[in-house]
Amino acid sequence: MSPRRSTSGGLIDRTRTVRFTFDGENLSGHAGDTLASALLANGVSLMGRSFKYHRPRGVFSAGVDEPNALVTLLRGGVREPNIPATQIEIYDGLRAESQNRFPSLAWDLGAVNQLGGRLIGAGFYYKTFMGPVIGPLKGTRFWMMCEHFIRRAAGLGRADYEADPSRYERVNAFCDVLVVGGGIAGLMAAEAAAKAGKRVILAEQEPVTGGFARWSGETNEGKQAHEWASNLTARLASLDNVRLLTRTAVWGYYDGNTLAALERVHDHVARTPKGHPRQRHWTIRATDVVLATGALERPIVFPGNDRPGVMLAGAARRYAAEFGILPGNRTIFFTNNDSAYEAAATIKRAGGHVAAIVDVRARISSAASELATAAGVSPLTGHAIVGTKCGKTLSRVFVQAYDAASGTLSGDARPLECDSLAVSGGWQPVLHLASQAGAKPVWDEEKQAFLPPEPTQRWAGAGAFLGTFGTVDALGSGRDAGLKCAGKRPSRGKLPEIAPEPLDLTPAPVLEIRGKGKAFVDFQHDVIADDVRLAHREGFVSVEHLKRYTTLGMATDQGKTSNVPGLAIMAAARGITIPEAGTTRFRPPYSPVAIGAMAAERYGDLKPERYTPIHDWHVDHGAEMTPAGLWHRPLVYAAAGETVEQAYIREAAAVRRSVGIVDVSTLGKIAVKGPDAATFLDRVYTNTFSTLKVGKARYGLMLREDGIAFDDGTTWRLGETDFLMTTTTANAGAVMQHLEYCLDILWPELKVHLTSVTDQWAGAAIAGPKARAVLERCVTGTRVDNETLPFMGIVHGEIEGAPVMICRLSFSGELAYEVYCAAGYGTLIWEALMEAGEPFDITPYGMEALGALRIEKGHVTGAEIDGRTTARDLYLDWMLSKKKPFIGSGLMDRPALIDKNRLRLVGVISLDGQKLGGGAHLVERGTPDEPGESIGHVTAFCYSPALQKYIGLALVRGGKARHGTRAYLSDPLRKRFGQVEIVSHHLFDPDGERMHG
Amino acid sequence: MLIDCPHCGPRDLAEFSYQGDATRTRPDLASTDTKAWLDYVYHRPNPAGRHREFWQHAGGCRAHLVVERDTLTHEIFTVSFARKTSGGDAA
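Read top to bottom, the protein sequences are chains A and B.
Here the first sequence is numbered in the working numbering, starting from 1 and rising by one per residue.
Here the second sequence is numbered in the working numbering, starting from 998 and rising by one per residue.
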C-alpha cells in the first residue's frame, strides 16, 4: 500500500470529504478527486485485471488515455462497465467495482492464463477455432463449447441486462468557431476569436478548463498558471458570444465541419436532477474549428512495464500537483526525454522521494541536470530498465547499461529498490480529430512524433497538438489560431510571461527495450511486443493487418498509448522507417460514447407516436393497443378474462355472423389530382385506372422497376381528374416517395399533383352480413342499397350531419364498407356507427381479427409482399395489364421471375390441431431433430373461426402444384413439428359470394 | 454533409433521402429491351470522384434534386432541381 496523499498542495478541496465504495469497501476522498486519484490516496494500487492474461494492473495515466484502470459503475441498479477510473469524478455514494476477476481482484483464478501466455498470443482465436483436421475433436463443434469458457475468461466488464433508465438528449448547435480543448492554447484561441466578434463554442473534456496549466506549476503573468487559466475562463464565460462546455468530449469530426460531442451533464452527481439529461449528445456545425487537443504521453515498452505501480511520468506529475498524491515512497523515473525530469522535481517538491532517474540517453541537457538536482538525484544516463519485480505492488526494477544509438544492452542487470516507477517515452500530439477529418498524420523524424497534416477541412491547430510543447508556444499558437478563424492575421502583440523557461521535449528514438518477459504495447488488449513480431513473421505486416491480427489499438482506449510504440516495433521488425510502415486512420469516437446518448429521444418515452383520431375510444373500450410502425392500433378488445386468442376468435366470428367495425384510419392516403392523373396511375399500377368510372374504386398493385411486387391498395375515382389512392399502413411513406420520384424525374411532363392526406381522413370499415343494415340506420343524404352502392361503388352522404364518403370494398370477404370522414369527426362517426349497429350486436375488432379474416380469404399483406415475391408468386397475374406498359413490366418476365419452382402463395391447414408459427419452415419429410430441406415458410397464421381449424398462408416452392399434398411444419425455435395440408390460399368462400351479396 | 436546397437553403443531410444515380437513362416506358432495363436498374458505375446523384428533400420541400458531388471528399459542386434538368416545369 504505497501511494498516499501529501499533507498539503493540489487543487482538491480538503475541507470536503466524499464517501464512496470500491469492490464494497468503504473509502473516502475529497471534492475534486477522480476515482483514480481517490483510490491512490487510499493506498489502492491494484485497480483491475488485464484482458487476456489477468495480470494485476494499476492506474497508468491520469486522463482519457487510461488503458488499465477500467471499472464498472453501479447506478441505481444499473451496471455501466469499462469506465476509466481517471474519468470518474467521485461523489457521495458512488459505487464502483473492479472487472475481469474471479472471485476477487486480489485473488483471481484467471491469473493462471499468465502461465499459458505463449498459447494465447496474437491470432489465438483464428488458429484455435478452426478445429483439428483429424481425430475425435475434428470440426468446430467441440471448440465452440470451449470458446464459451475462454470468452468468459477473456474480457472487460460485463454489460447489463436491465434497461438503461437514464435520460439522454440531443442538441444541434451552430457557431463560427468551435474550439476543441480548453487548455492554454484553446482558451487563447477562444478569446481571440470572441474578441473579433465570432460566436464561439469551447469544449473541454475534463470538468475544469486549464489542461496542463492545472498541474504545470508554472507561473503565468506572475500568477499560478491554473489561476491564470481560471481567470481567463471566467472572462470568456462572461461573454455573450462564448459558450463554454466542460465535461464535453468532442469525439467525431465529420464532413462539412460537423462535429459530434458528448457532454456528461450529470455523471458527477449521485442523482440526475428531475427533468435533466444524464448526458447530452451535441451535433455542432462550425464554420471554423480550432484543434487544441494537446498531446498524450507514450510509454516505453520493456519487460514487466505493466505492473501496478508503473505509470506515465506526466501522470505522476499531475497526481502530485493537481491531487496532492505521491505515487509511492520511493519513485524511479525512466525516460527518453526531458519531461520526466520536471515530473521528478514536482514529486520531490510535493514531499516524495525520487530514488533514481534512468535515462536511455548518454547525455542530457543542462536544464534536465538542474531539475535532477532539484529532485535530489544524479541521473543514471545511458541506462535502461530491463525488468520489474512485483508482489502485490512493485518492489524493484532492474537496470542495465544501454546504448541508445545501437539499441544494445551491456553489462549486468542490477536491481534498484522502489515501489513506483514513472515512465516517459515522449509525447504524441492528439491527432484523432484531424485524422477523422480526412488528413493523414505526418511523421516527424526529429520530434519522433506524428504531426498534424495540412487541413482538408476548415480547421487550425494550436498548442501541443502542433507538436510544440512549451507554454509560450501554446499561448502564441492559440491566439493565432483564434485570429485565423476570425479572418485576421497573426498578432505581434505581447504574450503573457511564463516562468520557468520550457524544456525541449524532443525524445531519443527509443520506444522499446528488448529483454526477457512480457513487454506490453497495448495494455488494455494485452498485446505484447512479441505479438507484433509474431504478426510480422506470419505475414501480417501492413498496419491495417497488424491492428486486426493482434487487436493492437482496438480496445476501448483506441490505442491512445499504444499506437506509436506498436508502429515503431513493426517498422523495426520490417527494417523500414515509421512513415514507411504507415499509420491507420483514426475513426470516431475518440472516447467511448454510450449508445443511449446517440439514440437519445429516439428511444423510449420520447419516440414519436401516431394515434388515430379514434384512439381514445379504443383505449376507453378496453382495446389492447399494438404498435404498427409509429402507429398504435387495437390488437383486440378483450373482455374480462379473455385471452388475446379467445378475443380475436370471438371478434372475427362476429364479423362473419353479424357485423364488426375496425379503425382503418392508418391506411396511407394520397390525393392524386390533375389532368394527367389517370395516365399517371396507369403507369404506376400494373392494372388500368383510366377506364375506371367516376364514383368507383379499383384494387391496384404496384411493382418495383425490377418486377417485384411493391404495394397494393384501392384507388377511388372521385372525379374525372381526382383520385384518392390508399396504400398499406406500412408503405404509406415509401409509396408517396416513389410517386414523387416518378413525377419529378421520370415523367416531369405529366400534370399531376400529389398530396398526402393520410392524417386528414379518419376511416372505419364496417364488415359483415349486417353491414348494410347498420349504414341504413345512420347514413343520410344517400341510399346505400345494392343499386346505388354496388361492389366497389362510392357514395357521399352524411352521418350525424357530418359529411362522409363511403366505398363498398372488402378486406374481410364479407359485405363491407369503408366510411371516411374528416379526421376531426372520426370519433363522432365511429360512435354513430356503433349506435346504429347496436341491434346487430356490432363488434369492434382489432388487428388480430383483421388478420384472421384476411388469412381465411387469402388476401396478401406485407408478410407476403415481402420484397421478394412477384405478382405471379401471389397469383395476382390477372392484375398485370397486357395492354399498356407500367413500372416493372420491363423486367417482370425475366426467366428467374417466372420459374415454376419459385416460392408461391398457398394456404396451409394444421392437421394436428396445433397452432402454426410465423416464419416456420415447411419440409416434405424428416424428423423434429433432422428436418429435411425447406420447401417454403409460413407467412401468417391464425385460428380460423369459420373453418374451426388452425390455418395459415405460406410461400412454398411450386405453389398451386402442391395443393392437396402434405408437408411438415418445422419450427425448432418454438419446438414445434407437425403435419400440415397444403391447400389453396382461398381458404374460405373462394367464390366471394358473401361480399357480393 | 450540407445540401444547399434551391428552395430551402443549406440543410443537413438528415433531411434528405438518397434517390439513386442521376446519370442513368431510363428506357422508354414501352421499351421491351431487357438489356436496357437491366442496365437501368442494376448497372452502377459507382465512380470514386465526381458523381451526379438524386436526393429528395424529404424532410423539407420534398423536391428531387440533382446533386453533383465528389464521392471521395463529399464536396458538393452543384445542386439543382431534378425537374428542370429533365426539361419539365418546376411547378
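Rather than coming from a laboratory, the hints here were simulated on the basis of the structure.
Do not rely on the hints blindly, as some may be mistaken.
Simulated coverage check for chain A against chain B, where a stretch passes if three residues somewhere in it have a Cβ under 8 Å from a Cβ of chain B [said to hold, decoys possible]:
(1) 737–746
(2) 889–900
If you want the ones that stay clear, here's a sample from chain B, every Cβ over 12 Å from chain A, calculated [to be verified]:
(3) Asp1009
(4) Gln1016
(5) Ser1028
(6) Trp1034
(7) Pro1042
(8) Pro1044
(9) Ala1045
(10) Gly1046
(11) Arg1047
(12) Gln1053
Positions of the beta carbon are idealized from the N, C-alpha and C atoms, including for glycine.
Quick rundown of the hints versus the structure:
1. 737–746: Three-residue rule met by the stretch 737–746 of chain A, so holds; n is 6.
2. 889–900: holds (count 3)
3. Asp1009: Non-interface label fails for Asp1009 (chain B): nearest chain A Cβ at 8 Å, not farther than 12 Å.
4. Gln1016: Label violated. Min Cβ-Cβ 6 Å, cutoff 12 Å.
5. Ser1028: Ser1028 (chain B) not clear of chain A: closest Cβ-Cβ about 6 Å, inside 12 Å.
6. Trp1034: violated (4 Å)
7. Pro1042: holds (18 Å)
8. Pro1044: The claim stands: Pro1044 (chain B) keeps its Cβ more than 12 Å from every Cβ of chain A (closest is about 18 Å).
9. Ala1045: Holds: least Cβ distance 14 Å, greater than 12 Å.
10. Gly1046: Given a closest Cβ separation of 15 Å, the condition holds.
11. Arg1047: holds (16 Å)
12. Gln1053: violated (7 Å)
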